[in-house]
Amino acid sequence: MPTHGLVLQPRALPREERVEVSRLLPDGTANCAGLADHLVRHGELPPSRRSLAWRETMTTEIEHAGLVGHGGAAFPTAKKLKAVISQASRAVVIANGTEGEPASEKDRTLLTRAPHLVLDGASVAADIVEASEVLVVVHRDVRAAVDAAVDERRSAELDRVPLRVVTAADRFVAGEASAVVNWVARARPVPLGRPPRTSERGLDGRPTLVQNVETLAHLALIARHGAAWYRALGTPDEPGSMLVTLLGALEEPGVREIEIGTSVAEVLARAGGPTTPLQALLVGGYFGSWLPAHPTLSLPFSARGLGAGLGAGLVVAFPTDACGVAETARLARYLACESAGQCGPCLFGLPAIADEVEKLAEGRSNRLGDLERWLVEIEGRGACSHPDGVARLVSSALRVFAVEVAEHLEGWCTGEGERHVLPIPPGGSR
Amino acid sequence: MSSRVRIRVDRIACDGRGLCGEILPELITFDDWGFPIIKENLVPEDLDGVAHDAVELCPKLALRLEALEQECCSSKVVRTSVVATSWTPS
Ligand SMILES: Cc1cc2nc3c(=O)[nH]c(=O)nc-3n(C[C@H](O)[C@H](O)[C@H](O)COP(=O)(O)O)c2cc1C
Ligand code: SF4
Ligand code: SF4
Chain A
578 MPTHGLVLQP RALPREERVE VSRLLPDGTA NCAGLADHLV RHGELPPSRR SLAWRETMTT
638 EIEHAGLVGH GGAAFPTAKK LKAVISQASR AVVIANGTEG EPASEKDRTL LTRAPHLVLD
698 GASVAADIVE ASEVLVVVHR DVRAAVDAAV DERRSAELDR VPLRVVTAAD RFVAGEASAV
758 VNWVARARPV PLGRPPRTSE RGLDGRPTLV QNVETLAHLA LIARHGAAWY RALGTPDEPG
818 SMLVTLLGAL EEPGVREIEI GTSVAEVLAR AGGPTTPLQA LLVGGYFGSW LPAHPTLSLP
878 FSARGLGAGL GAGLVVAFPT DACGVAETAR LARYLACESA GQCGPCLFGL PAIADEVEKL
938 AEGRSNRLGD LERWLVEIEG RGACSHPDGV ARLVSSALRV FAVEVAEHLE GWCTGEGERH
998 VLPIPPGGSR
Chain B
17 MSSRVRIRVD RIACDGRGLC GEILPELITF DDWGFPIIKE NLVPEDLDGV AHDAVELCPK
77 LALRLEALEQ ECCSSKVVRT SVVATSWTPS
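For the protein sequence lines, the chains are A and B, in the order given.
What the first sequence shows, in my numbering, is residues 578 to 1007, in sequence order.
What the second sequence shows, in my numbering, is residues 17 to 106, in sequence order.
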């Protein structure tokens, strides 16, 4: 374990010491979809006690564990629990399994292979905030699997609070917390933006705890094993394990569970390693950051180690024969089209940014200065952080692919501009 | 002493007509599409009255002033409360 505050050194484990982590997901490709298998694997949840002391103990345990959200923003979960607890009226818990990010598969994988862990977590969270209802909002691909799990629990009378499953809207911004609330309440999957926060007044005006499904699965394990157990993996700053979607030029792309702080090379090795030399990695998601392959491959996979948020855990291995500028242009266009079109800076700024990146990719931009200014100006000026995420992505591309950008401006491209590495849903753009 | 009032824009309601920047050029400029950029969100005391005017005059009821309640002897924001808004309650 690195000592506190010194996580910047690479921390690649020798091969024989490498630990395969399987806290959330069962080993290999095994499934733990049925309730019986789930109980054999994890045991029963300790019973919730409906007292203030129990709720405080649980919140403190989650705080000590250092659990943060796995939906993208890495916000401390205990803080959100406290914000909802402090409200007087009846709360609601929403398990967010929207997974609007087209390249991410980790929430769907978790809900298919270990749905009861997520539902356990939602149930405990509901007891902690004294919620009267849990809504499980899931991607349509996994609706049937989650329905089956909820039915099993209902027959077994496992949960004090009723669980209701809702199919998520299929758009990029639909997974934003207030958009989920808006979708469930009014069938409008766009962010609400204005205060009050959902923790104060969310669904039907009630205090609403929105947590990513993976966050809830970790919470279910902390409820069973405690904070010290949780912290036995990971780094002191960023304890635990996490799910990652590994994608791009890799032997066996897919979802894996890794220990936070494992070297990036080691993380890619979990997907069989790169198939070709890599020039860069996209870390975090389509709101994430491009990082150069070197030295990133030897750095610890943690927000601190990389100096970049881990977001929803996407890692794209980007090969040398693809064009980072062209790929960023495709992403920027897709994300601009996915704007909910409610806020001026997002509605006008994102298409302008996408236009400029496209022109750069085609080697005919003369407005690099404007592009750079827009990327700064747009920050914090949407009702949700969609524009900030796009700005982060494009800014990191200009940094990491600076040489390629210069080459494009001189009229040539070293990559094969037509080689697409990043998945974008067909017809996903309006 | 630092200001205790912060100005914010409801980005969904705002349609970029630009009145706020004319009233409060010290705090607000515009982007290339005419939407406000808050250069400085803390309202200095001498602009307090003008800031209230801006809130009242915004045609889309998109501006809001929030009081920052501060801890004694520290500038940490503890809680905010709305001192002026034309936003309709959602
Ligand atoms: C545009 C946008 C899209 C988002 N999509 C998702 C999503 O698909 N799933 C998700 O869990 N969180 C998503 N989030 C983050 C949520 O707003 C929220 O922070 C999260 O669900 C809270 O759970 P957590 O604290 O457990 O991460 C999105 C945020 C933004 C700004
Ligand atoms: S910032 Fe963009 S995506 Fe977010 S609410 Fe506004 S228009 Fe919609
Ligand atoms: S006056 Fe109101 S609507 Fe007009 S730009 Fe300013 S905030 Fe937006």
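Check before you lean on any hint, since a few could be wrong.
With the C-beta cut set under 8 Å, the calculated list includes, among others, these residues of chain B facing chain A [as the list claims (entries may be wrong)]:
hint: 1; residue: Arg27
hint: 2; residue: Phe51
hint: 3; residue: Ile53
Calculated from the structure, these hints are not laboratory results.
Cβ coordinates follow ideal geometry from the N, Cα and C atoms, glycine included.
Here is what the structure says about each hint:
no.	hint	result
1	Arg27	holds (4 Å)
2	Phe51	holds (4 Å)
3	Ile53	holds (6 Å)
Violation of the numbered hints given earlier is absent; every hint is satisfied by the structure.
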